[in-house]
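**Student:** Start from the sequences and build out the full structure, keeping to the hints where you can.
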Amino acid sequence: MAVAQAVEPKEVTNTQGAKSGSQGSKGEVERARLRMMMLIRRFEERTYQEYTKPGQKIGGFCHLYSGQEAIAVAIAAHFRKGVDALINGYRCHGHSLALGMDPKPAMAELFGKATGCSKGKGGSMHFFDAEAGNHGGHGIVGGQLPLGLGFAFSQWYKKNSGVTFCLFGDGAINQGTHNEALNMASLLKVPCIFMVENNLMAMGTQVERHSAVTDLSQRAAGYNMPARNVDAMDLDIAIAEIGKAVERGRNNEGPSYLVMNTYRYRGHSMSDPLKYRPKEEADKWKARDPITLYEARLREQKLVDDPWLETAAEEIAATVNEAIAKADSDPHPELDDRFDDILAETYPYGS
Amino acid sequence: MPKLNLVDAINLALRQEMERDERIIILGEDVGKNGGVFRVTDGLQKRFGEHRVVDSPLSESGIIGTSIGLAQAGLRPIPEIQFEGFLGPAYDQITTQAARVRSRSRSALTCPMTIRVPVGGGIHAPEHHSDSPESIYAHTPGLKVVMPATPYDAKGLLTSAIRDNDPVIFFEPKRVYRTYKEEVPEEEYTIPIGKAKVVQEGTDLTVITWGAMLFQCLEAIDQLPEEVSVELIDLRTIYPIDIDTIAESVRRTGRAVVVQEAPKTCGLGAEISALIMEHCFLHLQAPVQRVAGYDTCMPYYKLELDYLPDATKIGKAIKDCLAY
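Protein chains in written order, with our numbering: chain A, 1 to 351; chain B, 352 to 675.
In short, the hints are calculated from the structure, not lab data. We put the beta carbon where it would ideally sit given N, CA and C, even for glycine. Treat the hints with care, as some may be off.
What the hints assert, rightly or not - Ranges between beta-carbon positions, derived for each pair:
hint, chain 1, residue 1, chain 2, residue 2, range
1, B, Arg529, A, Gly59, 50 to 58 Å
2, B, Tyr540, A, Gly55, 54 to 62 Å
3, A, Asp272, B, Lys384, 43 to 51 Å
As the list claims (entries may be wrong) - Over 10 Å on every C-beta distance to chain A, these chain B residues come out as not near it, computed from the model:
hint, residue
4, Lys354
5, Ile487
6, Tyr503
7, Asp515
8, Pro536
9, Gln551
10, Gly553
11, Leu575
12, Cys617
13, Ser624
14, Thr647
15, Asp657
**Tutor:** Shown next, in the form of structure tokens:
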């Protein structure tokens, strides 16, 4: 088996070609993680602006990840390209960026352009990056859970020490697939890490109104696998807790269930009036913002300072603006490829 | 050459393909130790191991979803859904995940899997064990739908389905499982998906059918006066449908009868009638006749034969069409 490399972001070259941090220096990994969380936040907030401004150029539904960034970046800290797999619900922009997708094809996909990561035919809910092991976003709540189990089965079958990060929101735990996938994964003892991104809201229904128990780790009782609550606003805690499940999977000890407790700052989708939650609740969570929290820790450790943060913010803003400008000017898919990619052969009938 | 029934022919195809390709994994309810409820996978777990022939929980959505994951990861799963009525719990996985992943990801991810499903009535089973849902899946872009009627066709078509790069629903008419034997070569062969078979040639009228109804049609034709010359087409593949073979025949005969086991409304017969209108209108000498099940659930076994098209109903439709 080839030794797979983690896909952790490295300190990146900025748009002017200068290094924003010296390679291999103390804190390089930490800075790259902070930077990735900042990029995801910026990407999502600029997406919000583009979606809502007059002459809307982003179509379809759009579910933003702001507030939950630490989870995607913590997964990337463990992800081995070539053997690991990730599958997700429809809130899938952040994970794709964290696993190395360039913001340009990501933004182009939102604009429905041929240069998008799914060639402009998938949209916000369907970011795929097969080469990275990113098996994409899925629009049917809970529909992806058995697929994640299938990837884990393939890793077990191929004996490649890979693990599958099978992500879903707290709304998905009430789907039948949740029961079927957890039970089968445990029986087959495959390396599937079920991760509930518990942002406390299933669309517009808060967890205490949609789940019979609010400690969601209890929802994995009865499947004979370890289940834990994780403070997913704290990147370091998230990395450590995911690490235990990853180790268990790589050692062929079976699946795990992690409840990543977090909060989404924006609505379920762009049309959500947010009537179901008081502003104070959001403010309470924002006081433990994952980026602010991590930034303060790195400041304390003297790994970042004001100049670094300012430069990083500027570079990220420029990167996202560039992605938007490019997405705006890129072409839409050609109409005459409408029958491509339905079946392997030329679409046989209906043309 | 040995004479095999449908069960044995399918079993042989599975065995040969599993020997040839270690990416193949079978999953399903009781497919391993018990060899499947109809014994179609008999002996395979013993031969290939529990890691390749997996007894799953009763979780159809889980079986199909797991198979989609396996397929995307480069393996070749062959899930079995025990009866066509149990496709219901797996419907989302089949139609929104398996059928669409190629399109959604623009072929970055694909789903090469063969879903084997016993189909249809005639074995005194209740409804949801006797249904004919093929048109539902033919109406789902991104799927191929196959339904052989004979052991020879089943072996060749299953081999093609397993080697295909897209999801194929492989319907096995359970009424035929052990009621018909024919010579089936031991060696590997394939029959292309999407090609119908002219079972017998004729000049006066074309009968188009698929699945277990093939045998009812043969019986009906056998009972006709000797001077009536009927051409009989077995579709074999439901989608992509072989309109070329149908149209070529109907342009010659000018008359067509479509025979399906499924309820009449919105069944495949309606699609075939429309295709004949589009392709053969100026050649038609009579309206296309449909013989179908009623728009009801399959009744309990005492009334089952009333529901199913038989030689009498088919014979009457042929005579009506000829007399028009």
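**Student:** All hints are to be evaluated individually against the structure, with a verdict given for each.
**Tutor:** Going through the hints against the structure:
Between B/Arg529 and A/Gly59 the beta carbons are some 54 Å apart, a value that agrees with the proposed interval 50 to 58 Å. One distance hint, 54 to 62 Å for the beta-carbon pair B/Tyr540 and A/Gly55, holds here, with the actual separation near 59 Å. Checking the proposed 43 to 51 Å range against A/Asp272 and B/Lys384 shows it holds: the Cβ atoms sit about 50 Å from each other. Every CB of chain A is more than 10 Å from the CB of B/Lys354 (nearest about 34 Å), matching its label as outside the interface.
The beta carbon of B/Ile487 is kept farther than 10 Å from every beta carbon of chain A, the shortest such distance being approximately 17 Å. The Cβ of B/Tyr503 sits about 24 Å from the closest Cβ of chain A, beyond the 10 Å cut-off, so the non-interface label holds. Not every beta carbon of chain A lies more than 10 Å from that of B/Asp515, the smallest distance being close to 8 Å; the non-interface claim is violated. With a least beta-carbon separation of about 26 Å from chain A, B/Pro536 lies farther than 10 Å from that chain, consistent with its non-interface assignment.
The beta carbon of B/Gln551 is kept farther than 10 Å from every beta carbon of chain A, the shortest such distance being approximately 26 Å. Every C-beta of chain A lies more than 10 Å from that of B/Gly553, the closest at about 26 Å, which supports listing it as non-interface. The Cβ of B/Leu575 sits about 32 Å from the closest Cβ of chain A, beyond the 10 Å cut-off, so the non-interface label holds. With a least CB separation of 17 Å from chain A, B/Cys617 remains clear of the 10 Å interface cut-off, as annotated.
Here B/Ser624 stays apart from chain A, with its beta-carbon at least about 16 Å from theirs, past the 10 Å limit. With a minimum CB-CB distance of about 28 Å to chain A, B/Thr647 clears the 10 Å threshold, and the non-interface call stands. No Cβ of chain A approaches the Cβ of B/Asp657 within 10 Å, the least distance being about 35 Å, so the stated non-interface status holds.
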